[in-house]
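We have chain R; now place chain V onto it with these hints.
Protein sequences, first through last, are from chains R and V. Per numbering that gives the first Met the number 0, the first sequence starts with residue 0, numbered consecutively. Per numbering that gives the first Met the number 0, the second sequence starts with residue 0, numbered consecutively.
If you are wondering where the hints come from, they were derived from the structure by calculation, not from laboratory data. Honestly, I wouldn't trust all of these hints.
To be verified - Distance condition first, Cα-Cα at most 20 Å in a straight line; then the derived SDA-like pairs of lysine to any residue:
| hint | chain 1 | residue 1 | chain 2 | residue 2 |
| --- | --- | --- | --- | --- |
| 1 | R | Lys208 | R | Gln270 |
| 2 | R | Lys239 | V | Phe74 |
| 3 | R | Lys92 | V | Glu26 |
| 4 | V | Lys139 | R | Gln270 |
| 5 | V | Lys139 | R | Tyr50 |
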Amino acid sequence: MEEKVENITTGEQEEYVINMGPQHPSTHGVLRLVVSLKGEIVKSLQPHIGYVHRGIEKMCESITYPQIIHLTDRMDYLSAHINNEAVCLTVEKALEVEIPDRIKVIRTIMSELTRIQSHQLWWASFGMDLGGLTCFFYGLRDREKILDIFEETCGGRMLVSYNCPGGVMYDLHPNFQKRVKDFIKYFRKILPEYDQLLTGNVIFHERSKGIGKLSLQDAISYGITGPSGRASGFSCDVRKHEPYSAYDKVKFNEILFTEGDTYFRYVARIQEMWESMNIIEQLIDNIPEGPFAVKMKPVIKLPEGEYYQRVETARGELGVYIISDGNKNPFRVKFRSPNFVNLSVLNHIAKGFKIADLVAIGGSLDLVIPDIDR
Amino acid sequence: MDKIQLTEFIKSIGQDLEVKEGKQFIEVTVPPAKLYSLAKQLNLREEVRFDFLFCLSGVDYGNDLGVVYHLRSTFFDHVVVLKTRTSDRENPQLDSVADIWKTADFHEREVFDLLGIKFNNHPDLRRLFLDKSWGFPLRKDYVDDINIVTK
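Next comes chain R alone, as it looks inside the complex (with noise of 0.2 Å):
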C-alpha cells in the first residue's frame, strides 16, 4: 500500500506526452503537435507536419508560369490574392514589362480586401478558440460581404486567381466602387463592435496579457514576420520597406509594438484593418482609366536569371524565388511562405505555459496549415 502512494507522487514529476491533433479543432487544419507536458505545464513540442503536402514547388517544375499562379491560390489560400500578385510581379519583374497605374491600383484594393477578410476569418475563430462563439459568427458574416465582392468581378470567392501575368484577369465589375464603398461605410461602424465583445473582455485579457511572450532578438532570428513579428517590434512591413504596386502612392502606418505578447499580435491584427480601409479609401475614387492588363505573349519564356520577389501576405512575408534556365518551364522555384516560419517559433515561446495557452499562442500566430506543407 505504501508503494502505491510513493508512485502517484512520483508520477506527478514525470513528463507526459500527448497527441494533440491533426484533427484538432484549434490547430484550424490537419497539423499534428507531440506535446510534452509536466502537469498542465508545456514542456515542449514537436510540430509534425506534411499531411497536406502536395509538392506544389516540385509540380511548378512541370508547368508553365501562368499555371503556376493557380497553384498559389492553395497555399494560403486566405491569402489568396497577394500570393497570386506574388508571382506575377516575379513574371514581370523578369520580363521587365511596365505595368499601367489602373493595375496596380486594382490589385492593391484588392490585395487590402483580401488582407481584411484574412484578418476578419483570424478574428473569429481566435474567438472561438478562446471560448467566445459569438465572435465566429460576428466575423464569418462580415466575411461574407468581401467574398461577395470577390465573387462579382472574380468570379471565384476565396481561390480567385484573379491575376494574370501583366494585368488581371478582367475589368472590375460596375458594381465595385459602390460596393467597396458601402463596405468600408458598414465597416467601420462594426470594427468598433468587435472591441466592445473581445477586446475590452477581462476574460479574454486574462488569457492573452503576458502569455506566449517573443522577444526582438528571437523574431528577428525566428525571422518571424507580419503581424506576429511586428508586435515584437520587427519592423518588417515589405508594403514599407518595399513598395510594390500602389503602395509607394498611399499613406497608412505601420503598426509596430513592443511586448510582443499573444494580445498585442490579437491588437496588431486589429490595427492592421483599419488601416487597409485607410488605404482602400485612399484609392477607390481614383482608379485611373486604362487596360486592365497589357498583352503578354502567348507563351512566356523567362530570360535566364534568378529573381527574387516579396510581397506582404496577411500572415507575413511571401517570398517567391524563380531560377530560369530560358524555358517555359522554371527551373526551380522556391516559396518562402510566411506560416512555414511563423510555425517553429511555437515551441520556443509555448514552453512554460499551460496546454489552454498553447492554443491561445497557436491562434494568435495565426496558421494556415496548407501553406506550410505546400
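Structure of chain V alone, referenced to chain R:
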C-alpha cells in the same frame, strides 16, 4: 552601406570568395568549407549585421546540389545572397547555420527532406514532410512513374 562598399567589405573577409553583382542582389559564391565562418562573420560584424535569414532554398543544379541563403540586415536594410555547391550527390554534406539564425532549423530540415542534403551540427535533422520510404523528390533525377507525367 551601398552595394559597392558592401562588395568590397565581403571581399575583404575572404580572399577566395567570388562576389558579383546580380540583377537584384549581391551574390557571393562560397565553397562549402568556408560557408559557416563567412555566415558567422556576416552575422557578427558591426559593419554589416546580417541578422535576418529570410529565405533558404535547396537547389539541384543537375550535376551539383546547392543551397542559397538570402540574408538581410534589419539595421541597414541591405541584402546579400550566399550560394554554395557540393558535387557529391551520394552523401552531400554542408554545415548547418541553425545556431546563427534559428529560422534555419526548419528550413534545413526541409532541404534535407526534399533534396537529401545533410547539415552537420543541426540540432534535430529529421525528415519534415515525408516519411523514410520516399526518395528526395526535388532532385532532378527523381523518378516516380505513377505521379509524375512526362510529356
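Do the alpha carbons of lysine 92(R) and glutamate 26(V) lie within 20 Å of each other, as the hint requires? Roughly 18 Å separates the two Cα atoms, so the pair holds.
With a cut-off of 20 Å on the C-alpha distance, tell me whether lysine 208(R) and glutamine 270(R) pass. holds (17 Å)
Please work out if lysine 139(V) and tyrosine 50(R) have their alpha carbons no farther apart than 20 Å. violated (24 Å)
What's the verdict on lysine 139(V) and glutamine 270(R), does the C-alpha distance respect the 20 Å limit or exceed it? Outside the cut-off at roughly 45 Å; violated.
Does phenylalanine 74(V) sit within 20 Å of lysine 239(R), going by the straight-line distance between their CA atoms? Holds. Lysine 239(R) to phenylalanine 74(V) sits at ~15 Å (cutoff 20 Å).
Checked against the numbered hints listed earlier, the structure breaks hints 4 and 5; every other hint is satisfied.
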